[in-house]
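Student: Construct all of the structure, not just a fragment, from the sequences and the given hints.
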Amino acid sequence: MQRVGVFICWCGTNISSTVNIEQVVAALENIPGVVYIKDYQYMCSEIGQNLVKDAIKEQNINRVVVASCSPRMHEATFRKAAAAAGLNPYLVEIANIREHCSWVHKDKEAATQKAISLTRAAVAKAILNEQLIPGEVGVEKRALVIGGGIAGIQTALDIAEAGYQVDLVEKTPSIGGKMAQLDKTFPTLDCSACILTPKMVDLALNSKINLYSYSEVTEVNGFVGNFEVTINQKARSIEMEKCTGCGICLAKCPAKKALSEFEEGLAKRAAIYTPFPQAVPNVPVIDRETCIKFVTGKCGLCAKLCPTGAIDYEQKDQIVNQKYGVIIVATGYDLINLDRFGEYQYLDHPDIITGLEFERLVNAAGPTGGKLVRPSDQKQPKKVVFIQCVGSRDKSERGKAYCSKICCMYTAKHAMLLRDKYPDCEAYVFYIDVRTAGKGFEEFQRRAVENYGVNYIKGMVGKIFPGDNQLQVNGVDALSGELLQLEADLVVLAAATQAKPEADEVARMLSISIDRDRFFTEAHPKLRPVETHCAGIYLAGACQGPKDIPETVAQASAAATKAIGVLSKNKLVNNPCVAKVEQAVCSGCLACIKICPYEAITEQVIEEKTRGKVRLRRVAEVNETLCQGCGGCTVACRPGAIDLKGFSNQQILAEVDAICR
Amino acid sequence: MSVIASDAVIKKEAGFEPLIVAFCCNWCSYAGADLAGTSRLNYPANIKIIRVPCSCRVNANFVLRAFQRGADGVIIAGCHPGDCHYMTGNYYTRRRMSLLKNLLEFIGIEEARFKIDWISASEGNKFAEVMNDVLAKVHQLGPNRKLRDSRWRR
Amino acid sequence: MEKIREEIKEIVRQALASKEVDLILAWEKGQLWYDSYPAFFTEEQGVDSLVWDQFCVNNLSKYLLDDGMAGQKVGILVKGCDTLAFNQLVQDNRIIRDNVVLYGLPCSGMIDPAKVRREGLDRGLIKIKKTGDQLIFVNKEQQIKVLPTQVYYDKCLTCHYPNPVIYDRLIGEKVANETLATHAGRFSAVEELEELSTKDRFAYWDQQFSKCIRCLACRNICPACSCEQCTFDDSELEILGKAKENSEDKFFHLIRAYHVAGRCVDCGECSRVCPQGIPLEKLNRKLIKDINELYGEYQAGLDPSIKGPLVTYQLEDTDTFTAGERGRKQK
Amino acid sequence: MLREKITPDTTKKEIGQISEISDEKILDCLQCGKCTAGCPAIHGMDIMPHQVIRLLQLGQVDKLLASTTIWGCAACFTCLSRCPRKVDLSKIMEALRLIVLRTKGNQRLEIDKVPELLAKQIPQQAIVSGFRKYVK
Amino acid sequence: MKKIAKDRLSLLWPRIALNYQLFLPIAEEKVVNFSRWEEGAEVDLATLKTANSPKDIIFPQTETYLNFKQEGKRLELEMAGGRKDYLVFGVSPCDVASINLLDKVFLDEPVDQFYQEGRQKGVIIARACLNPAETCFCSSFKINPALAPAGADIATWDLGDSLLWEAQSEKGKELTADFDDLLEEVSREEQERLEQVKTGIADQLKDLPLVNLDPDLIEGGLNEIFASEIWEHLYRRCLGCAMCTYVCPTCHCYDLKDYDGNKCGERFRCWDSCMFSDFTMMAHGNPRTTQKERVRQRFMHKLVYYPNNYQAYACVGCGRCTEKCPVSLDMVKVIKKLGGERNEL
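Protein chains in written order, with numbering that gives the first Met the number 0: chain A, 0 to 660; chain B, 0 to 153; chain C, 0 to 330; chain D, 0 to 135; chain E, 0 to 344.
Hints were generated in silico from the structure; no laboratory data involved. Worth double-checking, as some hints may not be accurate.
[Said to hold, decoys possible] When the alpha-carbon atoms are kept at most 27 Å apart in a straight line, the in silico DSS-like pairs for lysine-lysine are as follows:
#, chain 1, residue 1, chain 2, residue 2
1, A, K255, A, K303
2, C, K198, E, K29
3, C, K72, A, K608
4, E, K197, C, K8
5, C, K28, E, K205
6, E, K205, C, K114
7, A, K79, A, K570
8, C, K114, A, K593
9, E, K170, E, K197
10, C, K129, C, K144
11, C, K72, A, K612
12, E, K291, A, K608
13, E, K48, C, K139
14, D, K24, A, K457
15, A, K462, D, K90
16, E, K332, C, K28
Small disclaimer: the values here were computed from a predicted structure and weren't measured.
Tutor: Written out as structure tokens, the structure is:
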């Protein structure tokens, strides 16, 4: 006999201010099976949990219904509490009367009635709950990190540090990412390369880390502990083992017309190239689109010159199949395309540049050797205008509604660097708001204003008119209400950050979700910021949302910790809410096998005696460790021979009936 | 022995409070509903949500049972195609429910009573919008008598 | 047909005598002119009563599910439509292909006794002859020439597989696929209904479903309804009660049609056996039509190796419910 | 001036009218000033476009109704095309003009004056749009 | 004896409908069944064999026993019943005979109150069967299609332009008086024509293909028939549907069910069929686990068990199963197999 205990949470006043708890209690008293009802201010608190535990022990209840917040919030909490009191945790059911009721309805009477209805449905479901025991599955003790920027590097190093194998897959020829392109970092102004390159070298030398550069993940199957991943190693045209990184080929390559990606197109590179001198691995790549050998068939100079004979024009893409226990996604971000911001003339004038281009122009290793000159005439600028929020906080189709988070700080940094190096050069910053939330950030930005004399103007630029020699910047000082017309030599645009264009594809491949800005979605915005909804897949860095370096590194380490948590286990317990087959009813049509995304269902031949004859019959069987509990098979199964534990046909019908009462 | 009330009768029915049963997949739409809650986006209390692991868990039986038990509208909400937590579940939902929806229309059930939509975990707004929209349309249609069991009282 | 009947009998006798098969599923003649019903032949001697005429409408392949046949080699006479059903049962793993010997019979159509009665051709009927394109109904007084379209089952008039699509042995000559012309009209009745207003469509189906006596003949004759235990018979789940209630009638018919979606071979047996004349084939064909329009042409039972439309998907599939993605919209 | 309330209750009605007529959300504005910075008609304005919204946010409708700005706006939509918040200022200007015309009824242009203007060889579009703008 | 002109029937129907729920054979898309008459209905008196027998009017497919209501923890019960007066017009002699067979079951002790009420509230107007179909074999059960068996309140005969009308019970007489203004006296010549018609029917019967069927010839007692080998051969083609039992005018098995309608509900009976696998399902399972046993049960009941209890066969030879069974597993074949045939056809 099912004895249901119902526990109604006030959630302080979150629930009780809209839902009349007394009325809910009164209504539940009449439901057959409900033998105990208790309400409390904070059911999730220790006292609240003890109410549940005590009732299990003292009131002899064997089904628990908690009417509280979303099961996504505290289902696990109450299951644990029940287990602690000796009740199978899967006999607990949650009625969501906060997120789905008190928070969205204003009318108290209606909300109360709905709360009763939802709780009644939970009772109906709970009565049909059965004891479930989770199964176990082994863990492949190897992590995959996708993306070799600072996020990926940090994650890989941390996991390796804990003693686990890590494979890092980087799409470009070298790891380093955006951070490798930066000159100095805020708010300390230390040199980006100086802090990054040692980490890159560490990574290259770490025996636990295997680097797949110039590679891409093409397929991901499986589940936490047992992901099956296919990696495509693109043909470098260089044999990695033979190459010593001497650089002769780079110097002698006759095809030097391609724009350097690393230098943001501000310099040219050879067809055979390493993105930058400190690249890891320090092995060049042949860009087959610009290489004369590949385009015309003639040349082959690099092969002739290579002292180790490492050049291999015939090299093919290689497919690697590997199993992983966990996956960390650290695919980073991009700047938005400025095509649609016609008023800034970015496409039309070389002296209107992005912040990232500015980084390269002031970088000692950059195309100008660190000398800031105008790309148009190589002259040193005397007046530089910085414009913030180019596309950020922009609700229109051409921008991004969110704040890109890093621009205020890097613009302050740029202005400061400029004023520091060239005190005679004026710096103007147009801003909407200056946001400096971060350790030492406010002080940093104030230094730019107070010590370095950077002119901060609250206001925006309406349009830039390129003149003969200079750029006429028409702006406004919104505070004073005065129009400004500045004759600038150089304009730096703080273009908004955005998710990588491949994010959709990556999300689909990994079965993780992306938000409407196409950043990957974390499992919980506050409490599970590095996990995804897919167990065993974690997020690090700006692929999850705009971030600066310290935050990225922090998240990377957090993701590594989460990953290590999984890797350190020998077995993982399964979700026991999986499919099961009633073989007597199964007709063996095996539609379930055809649609199962996890190949969790197999065919089995059973012997059956009917009327004295032995009949061999095909039936389906579920592998409980592979089944993830989506329930698709239960619908494909017409007779209902395959059902989902914890969400059975009978349970859902009972919920429907109860909700319609 | 037709049971359709004439339009006039339906309109006269004062204080009609529709009941809408919404099946929401745990990973996207249920989370979207949670987000609507966290964001305090109002939608009417007439909508009651049943949590299912995936939209592909929703059987045609459940939909019809809801109508039999007096639901005036039924909603199935799942992850956007390509976003399914279980990789392929909503692709099957898409086919199954496309056919079911057409079949229901074919036997003369008003199109607006059965809504399927894709609502992601980040679309708290869309969740509230879809709910409000279905409710408004069902309100206009009046109570479901066509599929309701005449013995069921609500 | 008589000639072929004798040929069939000879083949059946030989097959039983040589133990090529343990049992043959065929038809036998009953007491009335139209009464050709399913029969099980196990002995050579019994084969005399075997019949092959224009009333052998029953599809025999579902009898292959009979668990009494376990371990036996079974022969079966099959028409074109029957082979589609056979293939569907193979696809649903209900039949092991190798345990069955198929004797294929080309068929140009079966006669609907109800139409014969309606035309008044049954009075004093002695026999029916077929010459060329015409049928001759012979009674005591006269011979009446009739076009097949007047007396054939509706389902035969839209038949598109008059010849078996799979067989081990074909008996008789294949018939020309002449009915293909009318095949185009397969969905015309569905389209007519689609053109109606929602209200009128409901009025139509409400009236049709209210006639149902829930005898379940439509389900039990259906070669796609091959489950060990039908979900309607699941006493624990009890999704369908036994009361004669409008909503339960609708539930039954919607779910019945929906459960055979993508597997219905459009043999029309459900409508044929309905004692109340409910046009069940319109529901099935609505689903077939939608599947064809939304997810590509598909004929269930044609090739068991092709996955059915509801156990597969395409990334770029359309749907009928999101804005801008609606498949063909009804009024 | 010492304000007790950001938006005084006395102007709620007008603010409501303006948002109803224009269907624009004045609270969307971040006061970045981009509208002002790019406005080609700025020189005939005593209140800058971004200040128009600020005044609306502050409920100071009276200042706006008395301003030259609302009559100076050419409804060229430059501001809208660049506004990061998709605020259509020209609609707000129109709403303000309508309030003036509806309450005071003083047409800025009389129909009899039109032939005279034509004689001055003002572009026809300007006359038509002026007519629309100044007459209700 | 009276008569009513055919063209006055359209006046008769609304008159009857004033005081009775009127059921008539009504055609709906080629299928004729007894349905509630309403203005404009397509009454079809020519079709003698309706798809369903009028059984479901007297013994509805679903009939509420009691209604219940829940108030808090209290349950209120209320007996159902209160049938309205009804009149069925145009019942064939075989169907009238079938009602008599149902009466034996339901009106015998213990009396079935609901059925009894149904019978009391009902008026049966029979119509002689002038044109028996080839699937008919009522004469095998000693039913004369030219006459209305006892149990019909009024008998009618179709003479083309008019219906002859004769009251056979008190109820019938009262009704005849009520409609006196619509009825006319019958002429001598018409009386003669009626006799001719009756002879014509008898002649037709001789020519019917199933006329030689005679269940009295079935040999053996209960045990022999039960153990007969014929069942093994017969049952195999049975689909296990309930068509034969639901179109049969004499099948009368039912199940009792409860419906929970949310704080209210009902206990109802509904037709059930011995062909179904869940028929008479009990806690320990089903007494008849194979279709063979189910098929045997049905025919044993009609031909052996019922006669043992009530001294009559539970079949009236209406021929509905003969015509409708999708696989021709009908009463005729069973009787024949059991030897109930006078000579080979």
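Student: Each hint: holds or not?
Tutor: The hints, checked one at a time:
1. A:K255 with A:K303: Within the cut-off at roughly 18 Å; holds.
2. C:K198 with E:K29: holds, 23 Å
3. C:K72 with A:K608: Distance ~19 Å between K72 (chain C) and K608 (chain A) Cα, so the pair holds.
4. E:K197 with C:K8: violated, 46 Å
5. C:K28 with E:K205: The given pair, whose Cα atoms are some 22 Å apart, holds under the 27 Å limit.
6. E:K205 with C:K114: holds, 25 Å
7. A:K79 with A:K570: Between K79 (chain A) and K570 (chain A) the Cα gap is close to 19 Å, so the pair holds against 27 Å.
8. C:K114 with A:K593: violated, 43 Å
9. E:K170 with E:K197: The hint holds at about 25 Å.
10. C:K129 with C:K144: Holds - the C-alpha atoms of K144 (chain C) and K129 (chain C) are around 9 Å apart, at most 27 Å.
11. C:K72 with A:K612: Given pair K72 (chain C), K612 (chain A) holds - Cα atoms ~15 Å apart, limit 27 Å.
12. E:K291 with A:K608: Answer holds: K291 (chain E) to K608 (chain A) is near 17 Å, not above 27 Å.
13. E:K48 with C:K139: holds, 25 Å
14. D:K24 with A:K457: holds, 22 Å
15. A:K462 with D:K90: holds, 22 Å
16. E:K332 with C:K28: holds, 11 Å
Checked against the numbered hints given earlier, the structure breaks hints 4 and 8 and satisfies all the rest.
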